[in-house]
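A.B. asks: Please work from the sequences and hints to get the whole structure.
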Amino acid sequence: MAPTVGGNPLRDPRDRRLPRLPDASALVVFGVTGDLSRKKLIPAVYDLANRGLLPPGFVLLGFARRDWEGHEPFIEFARECAEKGARTPFREETWDGLAASIRFVRGSFDDDAGFDRLAEELRSLESSHGIRGNAAFYLSIPPSAFPVVLKQMERTGLADEKTAGGWRRVVVEKPFGHDARSARELNSLVDTVFGPQDVFRIDHYLGKETVQNLFALRFANTLFEPIWNSQFVDSVQITMAEDVGIGTRAGFYDETGAARDVLQNHLLQLLALTAMEEPVSFGADTIRAEKIKTLRAVSLPTDLASYAIRGQYEQGWLAGERVKGYLDEENIPATSTTETYAAVRLGIETRRWAGVPFYLRTGKRLPRRVTEIAISFKQAPHLPFDATDTTELGHNQLVVRVQPDEGVTLKFGSKVPGTAMEVRDVAMEFLFGEAFTESLPEAYERLILDALLGDAMLFPDNAEVEESWRIIDPLEEFWATTKPYPYRAGSWGPTAADEMLARDGRHWRRP
Amino acid sequence: MTTLWDTTGSAVVKALGAERRAAGALAFGLALTLVVVVDEKNVGAAESAASAAQAAHPCRLLIVVRRQVDAPHPRLDAEVSIGGRLGPGEAVVMRMSGRLALHAESVVLPLLASDAPVVTWWYDEPPTRIAFDPLGVFADRRVTDVSTAPDPLHALKLRAADFEPGDTDLAWTRISGWRTLLAAAFDGRHDHPASARVEADPADPSAQLFAGWLRARFDVPVDVAPAGSHRGLHGVRVAVEDGEVAVTRTDARSGTITRPGVPPRRLPLPQLGLGDLLAEELRRLDDDVVYADALATWSGIADLARRSGHREHIWRDPMTVAATAVPSEGAPSEA
Chain A
3 MAPTVGGNPL
13 RDPRDRRLPR
23 LPDASALVVF
33 GVTGDLSRKK
43 LIPAVYDLAN
53 RGLLPPGFVL
63 LGFARRDWEG
73 HEPFIEFARE
83 CAEKGARTPF
93 REETWDGLAA
103 SIRFVRGSFD
113 DDAGFDRLAE
123 ELRSLESSHG
133 IRGNAAFYLS
143 IPPSAFPVVL
153 KQMERTGLAD
163 EKTAGGWRRV
173 VVEKPFGHDA
183 RSARELNSLV
193 DTVFGPQDVF
203 RIDHYLGKET
213 VQNLFALRFA
223 NTLFEPIWNS
233 QFVDSVQITM
243 AEDVGIGTRA
253 GFYDETGAAR
263 DVLQNHLLQL
273 LALTAMEEPV
283 SFGADTIRAE
293 KIKTLRAVSL
303 PTDLASYAIR
313 GQYEQGWLAG
323 ERVKGYLDEE
333 NIPATSTTET
343 YAAVRLGIET
353 RRWAGVPFYL
363 RTGKRLPRRV
373 TEIAISFKQA
383 PHLPFDATDT
393 TELGHNQLVV
403 RVQPDEGVTL
413 KFGSKVPGTA
423 MEVRDVAMEF
433 LFGEAFTESL
443 PEAYERLILD
453 ALLGDAMLFP
463 DNAEVEESWR
473 IIDPLEEFWA
483 TTKPYPYRAG
493 SWGPTAADEM
503 LARDGRHWRR
513 P
Chain B
307 MTTLWDTTGS
317 AVVKALGAER
327 RAAGALAFGL
337 ALTLVVVVDE
347 KNVGAAESAA
357 SAAQAAHPCR
367 LLIVVRRQVD
377 APHPRLDAEV
387 SIGGRLGPGE
397 AVVMRMSGRL
407 ALHAESVVLP
417 LLASDAPVVT
427 WWYDEPPTRI
437 AFDPLGVFAD
447 RRVTDVSTAP
457 DPLHALKLRA
467 ADFEPGDTDL
477 AWTRISGWRT
487 LLAAAFDGRH
497 DHPASARVEA
507 DPADPSAQLF
517 AGWLRARFDV
527 PVDVAPAGSH
537 RGLHGVRVAV
547 EDGEVAVTRT
557 DARSGTITRP
567 GVPPRRLPLP
577 QLGLGDLLAE
587 ELRRLDDDVV
597 YADALATWSG
607 IADLARRSGH
617 REHIWRDPMT
627 VAATAVPSEG
637 APSEA
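If you read the sequences in order, they're chains A and B. First residue of the first sequence: 3, per my numbering; consecutive thereafter. First residue of the second sequence: 307, per my numbering; consecutive thereafter.
If you're looking for bench data, these hints aren't it; they were derived computationally from the structure. The model shown is predicted, which means the values in this text are computed figures rather than measured ones. Note that beta-carbon positions come from the ideal geometry of N, C-alpha and C, so glycine has one too. Check the hints yourself; a few may be wrong.
Claimed, not checked - One-sided and incomplete, this derived list gives chain B residues near chain A with beta-carbon spacing under 10 Å:
# : residue
1 : Asp345
2 : Lys347
3 : Leu573
To be verified - Stretch-level coverage of chain B by chain A, calculated; a stretch enters the list once three of its residues show a Cβ under 8 Å from a Cβ in chain A:
# : stretch
4 : 311-325
5 : 443-449
6 : 481-492
C.D. replies: Below, the structure is given as structure tokens:
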């Protein structure tokens, strides 16, 4: 007898033409009229439907304070979001099919009646759509609202898998707290209501194809892993640069700053994936086990004043336009010492990485939007050429470009054609978009689908979140007494950050 | 774009190299070569399908048109382009006439992207045996389309008899959407179906493969019967203990799933164009065991998936063989 999956005789693990579909289930979105929901979640749900990746019994259930009567106004609202934000072409037929399974429940978070209506609606979906008690709750709301929403869910039994008769999961967005203590409180709150294995923390960077390709690059090839250690690697630079300012997030950003907003989650996750040991298998538990080991081994520099630099942008010119300085942005106090740039040197205290510095940096109003991981290799121990032959030879580099232009670049020395022996750096490029299918799925599509499938591989767990705060907290404590270095908008950050690398005899790679 | 009249294979290789250098940064990281075999009268349709597939899976596209095998002098005309009318990638259209048409591989082999997989697609009626066509012998994946044959079911039988792992037919690709919906309808159910029916013209090879797949998976009788005046595949119905699980076509872009105890649901079921079908074939370069099982069950020829996957070219001269020759086993001979 041919093999089957999940007791369904039509599913064969070898049948790779049939997509994996989640169980019949409802995706309940709290704060469904918010920015994230409008720009990312609803379009991603539409794209999933359009690609045929949603199960027959799928329901999108919105919960918000809007004064909408019935489901129609929300369906209209969702349609607009999908038309604007979807990556795949908008098709009436797909929309009609999806619209038939979109529901709306009106209520605010402290309103018991609203949550009772929500529980009632979920029960009725059982018979009308056959969701079999399965539901994922997407908390697209500020963390300050978590406690009250979770309590409401507890009160109405929404999080209780036994009474529901199916699975119940919760999806939460960063920030996961603002320091180790608040993260622990938040985690224990969410974990007690839902159970740790049913909590999915979204770090949308992990939904990106290139980040997943790191696994393939490192563990499916023989070429890179043997040199992936302190014997061959000189240093690692992980950069996430943004050209935009703080936009409309002034209040949130001024409380948070670049280190908490980006370094604590995205950059440390990229660091963990770059430095982790090979997992024993390709599964959520095994990968998380290796990631947490790496994060636990991360050490901070003893000289924080020299190796933990933060900056704040001043007015300047970017992409041909004059832009305001951070302190002139709307709703930012003129005395703010919040950083918009952070750079830090970390170490990883393991046999593999001892002595290899990991330079992490992130910033706003830098010249271009780019995220990349650059591995810089040591120079050859002996060069049998004249010193003048290799003046233009730098370090060999392997660069994983996370966005944009997803791909990999390999930089190495090559002879310049001619009668003289002259070695110069050249780059070999691999672009995802060239070798494979044109439309890389949006990170949110992948992550929503994985949450519905119950596949936690691409979601950091609470231990990782708490461990990341263990790394960030001492930095924040140190910075609390200092003022960020100013840097001109449109430059690559404060000179203090350049001096930090110069002190080590290195320089930042220009991405 | 470079057009070469009455040229040689080496000149084509040179022209492609020159185009690549001229394109500069556009030159592609090649993941595979797609060889398209097509008749002069269908070149336009094959070109547009292949360039649509190439947009999704960048590849080097080699289109081979064989014509007038009886022409007195062998002749090669070629058109080389990168990022031109044939999509964003590299494309070479070659027209071969005279005896050269029987030795197309001599032009094609040096043009294959180095050490990358080769997919050969026959736009028209598939060869009775793939080993007769050298362009199929060196391919890692072979894609045919029995629906272009005058008798598609006979052609499908030939495909089963001649099968080697790595072969697929677009008749199978056409039902991926149907199979997806039906499999989704059975997710979470634990059924022992009693029987099934595919509603379609029994002469439709896709419907027959669908029935073969259902028989292989459910181990129950499955028949193919027309439903009213509908053309093409209209629906599939599976009898289960508490009623019937069915997927039926609603319109050109969607289908409806009906299950006992649950209201019917409408989901996307697009009728894919040739370009999309081909793109699906290029997505997977390993052999399709599920197709082999469905084809084996339908044709009654056991263990197709266990065949070696190896073919040797069998020389056959169409000038001396009658057009309707029945394929005989083995017996290679030299020209």
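A.B. asks: Compare the structure with each hint and give your call.
C.D. replies: So, going through the hints one by one against the coordinates:
{"no.": "1", "hint": "Asp345", "in the structure": "29 Å, violated"}
{"no.": "2", "hint": "Lys347", "in the structure": "30 Å, violated"}
{"no.": "3", "hint": "Leu573", "in the structure": "6 Å, holds"}
{"no.": "4", "hint": "311-325", "in the structure": "violated (count 0)"}
{"no.": "5", "hint": "443-449", "in the structure": "violated (count 0)"}
{"no.": "6", "hint": "481-492", "in the structure": "holds (count 10)"}
Of the numbered hints listed earlier, those contradicted by the structure are 1, 2, 4 and 5.
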